[in-house]
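S.K.: Letter by letter, the chains look like this.
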Amino acid sequence: MPVFRTASEEETIALGEKLARQLPRRAVVLLIGNLGAGKTTLAKGIVKGLEVAAPEEVSSPTFTLIHEYGQSRRVYHIDFYRLETARELATLGLEELFDREAVFLIEWGERFPEYMPAERLEIRLREVQGDEREIEVTVPAPTRGAELI
Amino acid sequence: MRILGIESSCDETAASVVENGTQILSSVVASQLGTHGKYGGVVPELASREHLRAIVPVVREALTQAATKLEDLSAVAVTEGPGLVGSLLVGMTYAKSLCFAVNLPLIGVNHLEGHIHAVVLEARQEGTGVAYPALALVASGGHTHLFEVQPGFHYRLLGKTRDDAAGEAYDKVAKLLGFGYPGGPVIDGLVPYGNPRAVRFTLAKMKGNVLDFSFSGLKTAVLRWVEARDLSREIEARRNLLRATPQPTTEQWLAVTAPATLDLLASFQRTVILELLGRAAAAAESIQARSLIISGGVACNAGLRAAAREAALPYPVYFPTPGLSTDNAAMIAAAAFPKLESGAFDDMSLTARANLVLA
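Residue numbers (this note's numbering), protein chains in the order written: chain A, 1 to 149; chain B, 150 to 508.
Worth flagging that the hints you see were computed from the coordinates, not collected in a lab. All C-beta atoms in this analysis are idealised placements derived from N, C-alpha and C, irrespective of residue type, glycine included. Some hints could be false.
Said to hold, decoys possible - Here are some of the chain A residues that sit facing chain B, going by a computed Cβ distance under 7 Å:
{"id": "1", "residue": "35"}
{"id": "2", "residue": "36"}
{"id": "3", "residue": "40"}
{"id": "4", "residue": "56"}
{"id": "5", "residue": "68"}
All chains should be built: construct the whole structure from the sequences, respecting the hints.
M.R.: What follows is the structure, given as structure tokens:
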């Protein structure tokens with residue numbers, strides 16, 4: 001799967017726009033990376049590419065947990081940073097949200113992989129140096145039994 | 150005219166009775182911090198369950214302390230957003246039921262407008278009032294906004310954070326270093342023991358709207374600083390302290406914090422304050438503000454208050470008293486008062502809105 005390199009915040013946003021154009025109408029995207037890796041920045045680009053909001057409108061959902069953008073095309077920008085247990089996660093009502101035709105951008109989504117839909121994209125962001133980032137897009141192999149759900 | 154205010158947008162379940170937008174007859178806050186502390190943040194399900202448990206006793210206590218019966222009330226005011234939808238719903242449903250049962254008018258209030266009115270209420274108490282146009286900085290764990298406030302409480306958004314909120318930056322830095330939640334009070338208490346100029350952080354340069362904030366770069370810079378050193382023993386010592394003592398004193402924190410870390414905290418806080426006050430002052434100048442309002446949980450920060458005093462700005466700067474800076478219901482009742490006077494009531498179709506905007 002492709003690995004991209006971006007040299008600045010602007011380039012990360014531009015990459016997000018490009019990725020957005022390849023997303024199906026319903027998609028779950030896990031944004032995986034350390035503090036400051038650029039998860040929110042990439043989310044800005046994807047939201048911009050989907051034409052649901054301007055990048056300036058997209059802020060960190062850490063405290064508020066779920067941000068919602070767009071009308072006809074909808075994006076849920078979610079953050080698991082504060083969630084510690086699956087029990088807490090269960091009460092966010094994600095199963096119901098996942099039924100909707102929307103794009104889900106989930107920061108720290110790797111914390112609860114077993115609760116994420118098998119059909120998903122995983123985007124890993126790593127700091128290379130300064131503002132430079134390595135951004136890897138993967139489609140995880142379906143886990144055994146996933147076809148039963 | 151007495152208004153019962155109800156607030157449940159995030160951590161706190163709160164109720165208050167305020168008379169004529171001025172006299173706080175009661176202000177009861179059932180803090181959920183004890184519940185959240187061990188999770189390092191706000192957990193939505195715990196939040197809504199705790200709100201559900203607290204709402205009836207908190208309202209009853211507010212009415213009792215105010216020696217007020219339901220029939221003495223002129224209206225019920227409730228936070229309609231922004232916040233966690235499950236938490237907001239508890240206050241909203243309770244307020245609507247109460248209004249329906251005793252036939253009282255219902256007034257929905259934006260949480261951010263409430264924070265601004267915490268200051269307006271106290272200025273009314275002083276008999277001075279706030280001179281308009283005012284510039285309002287609302288800074289907390291979830292919000293960092295600059296509003297122009299015109300007479301009649303008309304608002305215009307001048308800037309807001311593009312990534313992390315100011316309080317969120319405190320929480321993330323505190324968690325990174327092994328301090329507890331919330332991070333603001335702990336860091337603020339340790340800042341006097343560090344050198345605020347020891348670590349050089351660059352201020353955020355905003356493209357586009359220069360009145361917008363960004364705290365993500367500062368957070369990342371703190372992370373890099375920590376990664377460049379071996380702080381694991383120090384951090385572990387603090388986590389142990391936190392396990393043994395739920396709310397350590399400043400002295401206890403000092404015993405497990407190295408001088409270099411204290412310098413880092415002081416430098417971090419200095420940078421946050423420069424960002425907040427710098428942009429607030431620039432925004433105030435751009436609208437020729439006649440006063441500056443600083444409200445929200447971050448307004449409790451002693452360093453921020455001292456810096457605002459020392460800046461000798463050419464207009465008065467208002468902070469709410471600490472009890473009215475953090476989330477409370479007196480500010481919700483106060484914000485509803487002008488709406489009561491003008492008859493701007495809501496009906497039973499009022500709903501909790503997680504993404505409600507003020508302007």
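S.K.: Each hint: holds or not?
M.R.: These are the hints, each one checked on the structure:
1. 35: 5 Å, holds
2. 36: 3 Å, holds
3. 40: At about 5 Å, which falls below the 7 Å cut-off, the nearest Cβ of chain B leaves the hint on residue 40 of chain A intact, so it holds.
4. 56: Holds, about 6 Å.
5. 68: 6 Å, holds
Consistency note: the structure conflicts with none of the earlier hints.
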